[in-house]
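Dock chain B against the given chain A, drawing on the hints supplied.
Protein sequences appear in the order of chains A and B.
Sequential numbering from 1 applies to the first sequence in this note's numbering.
Sequential numbering from 1 applies to the second sequence in this note's numbering.
It is worth saying that the hints were derived from the structure and are not from the lab.
From the three backbone atoms N, C-alpha and C, an ideal C-beta is built for every residue, glycine too.
Please note that a few of the clues may not be correct.
[Stated by the list, open to error] The calculated lysine-lysine pairs, modelled on DSS-like cross-linking and capped at a C-alpha distance of 25 Å, are:
hint	chain 1	residue 1	chain 2	residue 2
1	A	Lys-230	A	Lys-197
2	B	Lys-99	B	Lys-43
3	A	Lys-235	A	Lys-197
4	B	Lys-36	B	Lys-63
5	A	Lys-63	B	Lys-29
6	B	Lys-63	A	Lys-18
7	A	Lys-63	B	Lys-235
8	B	Lys-183	B	Lys-99
9	B	Lys-99	B	Lys-206
10	B	Lys-206	B	Lys-230
11	A	Lys-99	A	Lys-63
12	B	Lys-18	B	Lys-42
13	B	Lys-206	B	Lys-235
14	A	Lys-63	B	Lys-36
15	A	Lys-63	B	Lys-63
16	B	Lys-63	A	Lys-36
17	A	Lys-206	A	Lys-235
18	A	Lys-63	A	Lys-18
19	B	Lys-63	A	Lys-29
20	A	Lys-99	A	Lys-183
21	A	Lys-29	A	Lys-63
[Unchecked claim] From chain A, some residues computed to sit far from chain B (all C-beta separations above 12 Å):
hint	residue
22	Glu-5
23	Ile-61
24	Asp-92
25	Asn-106
26	Glu-194
27	Ala-251
There are 2 protein chains.
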Amino acid sequence: MDRVEQHAIHDGNQEVWKHLSSTLGCEMKFGIFLPKSALAGKKCPVLYWLSGLTCNEQNFITKAGAQRYAAEHSVILVAPDTSPRGGNVADDEAYDLGKGAGFYVNATQQPWANHYRMYDYVVDELPRLVEDGFPASDARSISGHSMGGHGALMIALRNPGRYRSVSAFSPIVAPSEAQWGEKAFSTYIGDNRELWKQYDTVELVKLGAERIPLLIDQGEADEYLLTQLKPQLLKVACASSGHPLQLHMRAGYDHSYYFVASFIGEHIAYHARNLQ
Amino acid sequence: MDRVEQHAIHDGNQEVWKHLSSTLGCEMKFGIFLPKSALAGKKCPVLYWLSGLTCNEQNFITKAGAQRYAAEHSVILVAPDTSPRGGNVADDEAYDLGKGAGFYVNATQQPWANHYRMYDYVVDELPRLVEDGFPASDARSISGHSMGGHGALMIALRNPGRYRSVSAFSPIVAPSEAQWGEKAFSTYIGDNRELWKQYDTVELVKLGAERIPLLIDQGEADEYLLTQLKPQLLKVACASSGHPLQLHMRAGYDHSYYFVASFIGEHIAYHARNLQ
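Excised from the complex, chain A in its bound form (with noise of 0.2 Å):
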């Protein structure tokens, strides 16, 4: 691993690393937020950040202002990229699919099949690079923004124990309902829309998944509320299922870094009182 990026904040750092990844089989980078406590070696608790479509690790750590809170509760932020990378990595001219948009699974199309497996990725191999390679416990927390929304509460509630909580800002709840997400699992995991059921969030809350409360902000005047996010179907499922669900819609906002920017100081808050 190589830091590429070091940046002092809030009494913390906000730093960039790259690392040859073994799980995608390309050079990734992450963010990374030491509060001032783990640059004094204290293990911190973790609160893993999944950005959305078009984003790679940068967008979180410069545009959601979350240091100045995690810095007050003394957790760590990881933000990853959002897909593999690189020369040899398979792409698409859209914006919404391969690099940019890895949509948190692990494809078994190709040519995609041998680099996204953004699944694994966060899952197993980032937990074990942070927690070997930083002052961090094995308290974790994951939220993330809409793409990386799904992949939050999807990865959540698929890894019971792994995680204390997890939460969402606009998040895409039910993928094999929503155009984004179609043409994302048809084209990584193929036509079987029962293999998409283990990366849908909905379909996880109506198989009985893990309790784990799920909180999730989402902006009223979002540009895609009714097309691709569809929080209104989680409600229902989550209803039915007795599953905690905390869903605050908010007035006026809409689908960008403005509004997490906005929220996100709640979101850590709630995170650090579940992982103390």
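Below, chain B without anything else, positioned relative to chain A:
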């Protein structure tokens, strides 16, 4: 004026407007954050923010996390672009000349003199637009980063009574003694160094400008500290002139917006006290 962006953030709106500038002879954009009380029609005081080299109206509004603090204090934030823009505007290949590098002066040399009049734009046209077009009072403060820190200090010193307070992050305090400033001033204003003094904070302090207190934050790990920024020159000039200066040297911090994000809350609180 046309609104080209509008996003809810921290109970207010972050907007971007474009307009034909009569001062600059081109179309210009500026960012404006309107806190909740301004959206409700109450006149609020205004903090102007001047950005640094290579920036436009986006950098501050997406990276500084300032809206949270401006919302707390009911302050409007206005962030203009750093130079004239558009196809007819002279430019240079270098990052530190031409577009993105207006240096907040009125150019007298060709081919710059027709459009590069950022001093007049920031001092006169922009506040008129803001105070006529938004629920903004005429209580003004000004701040900025790097080239914009130079702009803020210099403009406040030259316009007694126009600003209630001034601050800067990592400012070029003596552009006449720094490569960036020498290049820009000789190109925009010509070789007569006497004419540079009107745009040089250290020279203005020496000349006994208005005694408005200067609040400055400077990172000690700033890569431009010794070559371009030279805060010690201002410290000496303020000490001999008896000009009030609060210079905070911050160990470990660099020249990036991560530094601005760390202390913008303190600056906005300072301006809010002066704007009351």
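Evaluated hints:
1. A:Lys-230 / A:Lys-197: The given pair, whose Cα atoms are some 16 Å apart, holds under the 25 Å limit.
2. B:Lys-99 / B:Lys-43: violated (33 Å)
3. A:Lys-235 / A:Lys-197: holds (17 Å)
4. B:Lys-36 / B:Lys-63: The hint holds at about 21 Å.
5. A:Lys-63 / B:Lys-29: Cα-Cα ~20 Å, so holds.
6. B:Lys-63 / A:Lys-18: holds (23 Å)
7. A:Lys-63 / B:Lys-235: Roughly 33 Å separates the two Cα atoms, so the pair is violated.
8. B:Lys-183 / B:Lys-99: OK: Lys-183 (chain B) and Lys-99 (chain B) at ~14 Å, within 25 Å.
9. B:Lys-99 / B:Lys-206: With Cα atoms ~31 Å apart, Lys-99 (chain B) and Lys-206 (chain B) exceed 25 Å; violated.
10. B:Lys-206 / B:Lys-230: holds (16 Å)
11. A:Lys-99 / A:Lys-63: Holds, because 21 Å separates the two Cα atoms, which is no more than 25 Å.
12. B:Lys-18 / B:Lys-42: With Cα atoms ~23 Å apart, Lys-18 (chain B) and Lys-42 (chain B) stay inside 25 Å; holds.
13. B:Lys-206 / B:Lys-235: holds (11 Å)
14. A:Lys-63 / B:Lys-36: Status holds; Cα separation ~21 Å.
15. A:Lys-63 / B:Lys-63: Holds, at roughly 5 Å.
16. B:Lys-63 / A:Lys-36: Within the cut-off at roughly 21 Å; holds.
17. A:Lys-206 / A:Lys-235: Roughly 11 Å separates the two Cα atoms, so the pair holds.
18. A:Lys-63 / A:Lys-18: At roughly 20 Å apart (the allowed maximum being 25 Å), Lys-18 (chain A) and Lys-63 (chain A) satisfy the hint.
19. B:Lys-63 / A:Lys-29: holds (20 Å)
20. A:Lys-99 / A:Lys-183: This hinted pair holds, its Cα atoms lying about 14 Å apart.
21. A:Lys-29 / A:Lys-63: holds (17 Å)
22. Glu-5: violated (9 Å)
23. Ile-61: violated (9 Å)
24. Asp-92: holds (27 Å)
25. Asn-106: holds (33 Å)
26. Glu-194: Answer for Glu-194 (chain A): holds, closest chain B Cβ roughly 39 Å.
27. Ala-251: Contrary to the label, Ala-251 (chain A) does not stay out of reach of chain B, its closest Cβ about 8 Å off (not over 12 Å).
Consistency with the previously given hints fails for numbers 2, 7, 9, 22, 23 and 27, ordered from lowest to highest.
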